[in-house]
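Top line first, the protein sequences correspond to chains A and B. Following the working numbering, the numbering of the first sequence begins with 1 at its first residue and continues without gaps. Following the working numbering, the numbering of the second sequence begins with 1 at its first residue and continues without gaps.
Check before you lean on any hint, since a few could be wrong.
[Claimed, not checked] BS3-like mimics (lysine-lysine), calculated; alpha carbons at most 25 Å apart, straight line: (1) A:Lys-105 x A:Lys-1; (2) B:Lys-14 x A:Lys-105; (3) B:Lys-57 x A:Lys-105; (4) A:Lys-42 x B:Lys-44.
FYI, nobody ran anything at the bench for these hints, they're computed from the structure.
Listed below are the residues making up each chain.
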Amino acid sequence: KQEVTQIPAALSVPEGENLVLNCSFTDSAIYNLQWFRQDPGKGLTSLLLIQSSQREQTSGRLNASLDKSSGRSTLYIAASQPGDSATYLCAVKGNSGNTPLVFGKGTRLSVIA
Amino acid sequence: NAGVTQTPKFRILKIGQSMTLQCTQDMNHNYMYWYRQDPGMGLKLIYYSVGAGITDKGEVPNGYNVSRSTTEDFPLRLELAAPSQTSVYFCASSYLGSYGYTFGSGTRLTVV
Numbered sequence: 001k002q003e004v005t006q007i008p009a010a011l012s013v014p015e016g017e018n019l020v021l022n023c024s025f026t027d028s029a030i031y032n033l034q035w036f037r038q039d040p041g042k043g044l045t046s047l048l049l050i051q052s053s054q055r056e057q058t059s060g061r062l063n064a065s066l067d068k069s070s071g072r073s074t075l076y077i078a079a080s081q082p083g084d085s086a087t088y089l090c091a092v093k094g095n096s097g098n099t100p101l102v103f104g105k106g107t108r109l110s111v112i113a
Numbered sequence: 001n002a003g004v005t006q007t008p009k010f011r012i013l014k015i016g017q018s019m020t021l022q023c024t025q026d027m028n029h030n031y032m033y034w035y036r037q038d039p040g041m042g043l044k045l046i047y048y049s050v051g052a053g054i055t056d057k058g059e060v061p062n063g064y065n066v067s068r069s070t071t072e073d074f075p076l077r078l079e080l081a082a083p084s085q086t087s088v089y090f091c092a093s094s095y096l097g098s099y100g101y102t103f104g105s106g107t108r109l110t111v112v
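Extracted from the complex, chain A is given alone in its bound form (with noise of 0.2 Å):
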């Protein structure tokens, strides 16, 4: 049974600052790895997919890397500020027919000005 681990739970950082979100995954037969924000009391909004041939995607400020053989993924956030407060949840698909998206518990990332 995948199981997706995302540490740190809970991050607070200055404005400014660069910052790294890491997801770990135990199963590495995945189609693909997806990264959605959630703001407090709102649904899951999609902010990068990587397919499991690739190794990193980027958006704007946020570059999300993939690591299929040893399980990980970390999603990067340049130069922080205080509208990226929200938790980060991070999903993987597995390769199996119609294996939905398996979730991490997310992290709460405070952006303090």
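Position chain B relative to chain A; hints supplied.
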């Protein structure tokens, strides 16, 4: 383009009552999913559907039922509400299982 729409946004139920959480998408996605999210936890899959007329259980299906009569709609039914079903429920869809997911804004359910 509305995406994935969930109703209601909030609901309080008494133990033993029943209700249906509605979910509809206008993106012609084949795959639809129901997740629940408890405080401090990740999302757990309740049920999913790969197309009209086809549904399958996820990780935590007990106490819930679903149907998929059309591509657009995927309602979640709670027959006998229990306090353990207090949670935030999210519906999601994807074009195919391997594509990115689009989520609704959630339904916050409290059972008292």
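How the hints compare with the structure:
1. A:Lys-105 x A:Lys-1: holds (16 Å)
2. B:Lys-14 x A:Lys-105: Answer violated: B:Lys-14 to A:Lys-105 is near 29 Å, above 25 Å.
3. B:Lys-57 x A:Lys-105: holds (21 Å)
4. A:Lys-42 x B:Lys-44: It holds: about 17 Å lies between the C-alpha atoms, which stays within 25 Å.
The structure fails to meet hint 2 from the earlier list, while all remaining hints are met.
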